[in-house]
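Here's the letter readout for the chains.
2 protein chains.
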Amino acid sequence: MEGYDPSKYEKLSVAVDLLVFTVEDNRLKLLMIERDEDPFAGILALPGVFVRVNETLDDAAARGIREETGLEGIYFEQLYTFGGVERDPRMRIISVAYMALVPLEQLVFHAGARTSGAWLVDAEELLESEDPVAFDHKEIIRYARWRLANKVEYTGIAFHLVEREFTLPELQRVYEILLGKSLYKANFRKKVAGLIEETEHMTSGDAHRPSRLYRAKEEVVRRRKTEDG
Amino acid sequence: MEGYDPSKYEKLSVAVDLLVFTVEDNRLKLLMIERDEDPFAGILALPGVFVRVNETLDDAAARGIREETGLEGIYFEQLYTFGGVERDPRMRIISVAYMALVPLEQLVFHAGARTSGAWLVDAEELLESEDPVAFDHKEIIRYARWRLANKVEYTGIAFHLVEREFTLPELQRVYEILLGKSLYKANFRKKVAGLIEETEHMTSGDAHRPSRLYRAKEEVVRRRKTEDG
Chain A
1 MEGYDPSKYE KLSVAVDLLV FTVEDNRLKL LMIERDEDPF AGILALPGVF
51 VRVNETLDDA AARGIREETG LEGIYFEQLY TFGGVERDPR MRIISVAYMA
101 LVPLEQLVFH AGARTSGAWL VDAEELLESE DPVAFDHKEI IRYARWRLAN
151 KVEYTGIAFH LVEREFTLPE LQRVYEILLG KSLYKANFRK KVAGLIEETE
201 HMTSGDAHRP SRLYRAKEEV VRRRKTEDG
Chain B
1 MEGYDPSKYE KLSVAVDLLV FTVEDNRLKL LMIERDEDPF AGILALPGVF
51 VRVNETLDDA AARGIREETG LEGIYFEQLY TFGGVERDPR MRIISVAYMA
101 LVPLEQLVFH AGARTSGAWL VDAEELLESE DPVAFDHKEI IRYARWRLAN
151 KVEYTGIAFH LVEREFTLPE LQRVYEILLG KSLYKANFRK KVAGLIEETE
201 HMTSGDAHRP SRLYRAKEEV VRRRKTEDG
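Line order of the protein sequences matches chains A and B.
Going by the numbering used here, the residue at position 22 of the first sequence is 22; the numbering climbs one at a time, nothing skipped.
Going by the numbering used here, the residue at position 196 of the second sequence is 196; the numbering climbs one at a time, nothing skipped.
So here's chain A without its partners, still in its complex pose (with noise of 0.2 Å):
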């Protein structure tokens, strides 16, 4: 910022948009809102937040999810900054989008007072459909599908799906719902024998074989990167 007095530049509007997924019947699904106002009146929408003067990105992000589902310390990182000029028909706002990642019994709806409805939107459907979203928001999705389905070849990011204890079939099915496709249990198993271990623990309490539980170790699923360091 060489050369420059900042204040002499235009400001702009910053805003954080929301991820928020998980997996509900076998299925990637989305947290959005139906919007109760224009522009984009009921249609379905990523929540977001403006970012404040005083907060960093990661929190305003921090902010938006516990607003909209009451949680706090669940998995995010940021995804892409989205600024396109004309992608708010109000004024110029420039998107920081975050991803979030939660199993299904953690996320629990929280009663937002600001919003005409919270749902869990099935991904796949929503990107092949023809029905409208708000804003770029549909455009800011289909990256974050693509995203997912990257990150799981090469990160932990799919343990952020699954509870801390799992079985192998149902992390499997977890990396076969972010990749889009079936995987041969032995290569699958190949594939995150260096990502987990064993606890001590086996299912019970249903009809089935009781089977071992796994957990991802605890270098996987430590965070890579926050914005201040």
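Quick caveat, the hints were computed from the structure, so don't treat them as lab data.
All the pointers check out, no bait thrown in.
List time: in silico DMTMM-like cross-link candidates among lysine to aspartate or glutamate, alpha-carbon distance up to 25 Å: (1) B:Lys138 to A:Glu77; (2) B:Lys151 to A:Asp58; (3) A:Lys181 to A:Glu105; (4) A:Lys181 to A:Glu153; (5) B:Lys151 to A:Glu219; (6) A:Lys8 to B:Asp59; (7) A:Lys138 to B:Glu55; (8) A:Lys138 to B:Glu77; (9) A:Lys138 to B:Asp59; (10) A:Lys151 to B:Glu176; (11) B:Lys8 to B:Glu86; (12) A:Lys8 to B:Glu34; (13) B:Lys181 to A:Glu153.
Just so we're clear, the structure is a prediction, and the values are computed from it rather than from any experiment.
Based on the hints, put chain B in the right spot on chain A.
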């Protein structure tokens, strides 16, 4: 952005900061400028521009690259958005960092009227040194360095640092520089086999035996994502 009047929210300054990487003398180098005024007068910084209200982020990045290097059409991609509250002592500035990669031969310096100097800085040495870097730019560089090493493993990003046609040893050297480690020739060739194709050309004009020239397959170097779709 539900239930909010965006005009009620305080706006922020948004800048694009640029990491222009090249390889020189078998080292990863980064284009930096020496600041000629406070804050951080005389200290190295990443070049950057403020985002104009009628300009996309990608357009701002392209403009900044053009202003700093005189280059058009080189490869760049959005890296990450840094939004620490106190990252600039003057005011709140959100920085959308972009990474550009260019072979040294194309990186012709362009006399910039607004800078006291532009330098190719050894990225590793800078990160290992205690030398101050303006703002949070050392952190941004550290993140970019990490991301480059990661992306070389699963994308064609390394091809942007070689000429359009290259020998296999040239490409291997760039892979090794980005990864920060030596590779066995056989392992390297296995890694890139699916990404490259032979050309009809051979090197010539020096004392060595002619070597086959290769190029990246077209789909490998195609841009993966632009902010506007």
